[in-house]
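K.L.:
Sequence:
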Amino acid sequence: LIDHPPKIALFTGGIAPMSFDPFDVYTSLWERVKERNLQYYSMYPGDIGQVKKIVQKLLQAPATLPSGGKLTARRFLQLGMNLGGGPSSFAS
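Numbers 1309 to 1400, taken from our numbering, label the letters of the sequence shown in order.
It is worth saying that the hints were derived from the structure and are not from the lab.
Predicted, not measured: the structure shown is a model, and the values here were computed from it.
Note that the Cβ used here is the ideal one computed from N, Cα and C, for glycine as well.
It is possible that part of the hints are untrue.
[Said to hold, decoys possible] Each pair of labels, with its calculated beta carbon distance range:
no.: 1; residue 1: Gln-1368; residue 2: Lys-1315; range: 35 to 43 Å
no.: 2; residue 1: Phe-1328; residue 2: Arg-1383; range: 23 to 31 Å
no.: 3; residue 1: Arg-1383; residue 2: Glu-1343; range: 17 to 25 Å
no.: 4; residue 1: Leu-1387; residue 2: Pro-1353; range: 18 to 26 Å
no.: 5; residue 1: His-1312; residue 2: Ala-1371; range: 39 to 47 Å
no.: 6; residue 1: Pro-1313; residue 2: Ser-1350; range: 48 to 56 Å
no.: 7; residue 1: Leu-1385; residue 2: Lys-1315; range: 28 to 36 Å
no.: 8; residue 1: Gly-1377; residue 2: Leu-1346; range: 24 to 32 Å
no.: 9; residue 1: Gly-1354; residue 2: Lys-1315; range: 42 to 50 Å
With the sequences and hints as input, model every part of the structure.
P.N.:
In structure tokens, the structure reads:
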């Protein structure tokens, strides 16, 4: 069908086409995520210990989700990226 199909595809998690240097884009993203983390934990300092406990447990043994998938420590930490960006979130 295609004479020269791509050998690999990179999924960037929804980042738009790159008009800028990828290093600059990810550096900016990292700073924004770090800022949001600091903002969240300054508002909810009691969550720091809870998050650390949950991550330690998940590192030892990922939890099975109702769907059959696995909740790993990494997946748990990624949940926060979806919670801080809505109009009613703490970051608004």
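K.L.:
A separate judgement is required for each hint: does it hold in the structure or not?
P.N.:
Results of checking the hints against the structure:
{"no.": "1", "hint": "Gln-1368 - Lys-1315: 35 to 43 Å", "in the structure": "holds, 37 Å"}
{"no.": "2", "hint": "Phe-1328 - Arg-1383: 23 to 31 Å", "in the structure": "holds, 29 Å"}
{"no.": "3", "hint": "Arg-1383 - Glu-1343: 17 to 25 Å", "in the structure": "holds, 23 Å"}
{"no.": "4", "hint": "Leu-1387 - Pro-1353: 18 to 26 Å", "in the structure": "holds, 19 Å"}
{"no.": "5", "hint": "His-1312 - Ala-1371: 39 to 47 Å", "in the structure": "holds, 44 Å"}
{"no.": "6", "hint": "Pro-1313 - Ser-1350: 48 to 56 Å", "in the structure": "holds, 49 Å"}
{"no.": "7", "hint": "Leu-1385 - Lys-1315: 28 to 36 Å", "in the structure": "holds, 31 Å"}
{"no.": "8", "hint": "Gly-1377 - Leu-1346: 24 to 32 Å", "in the structure": "holds, 30 Å"}
{"no.": "9", "hint": "Gly-1354 - Lys-1315: 42 to 50 Å", "in the structure": "holds, 49 Å"}
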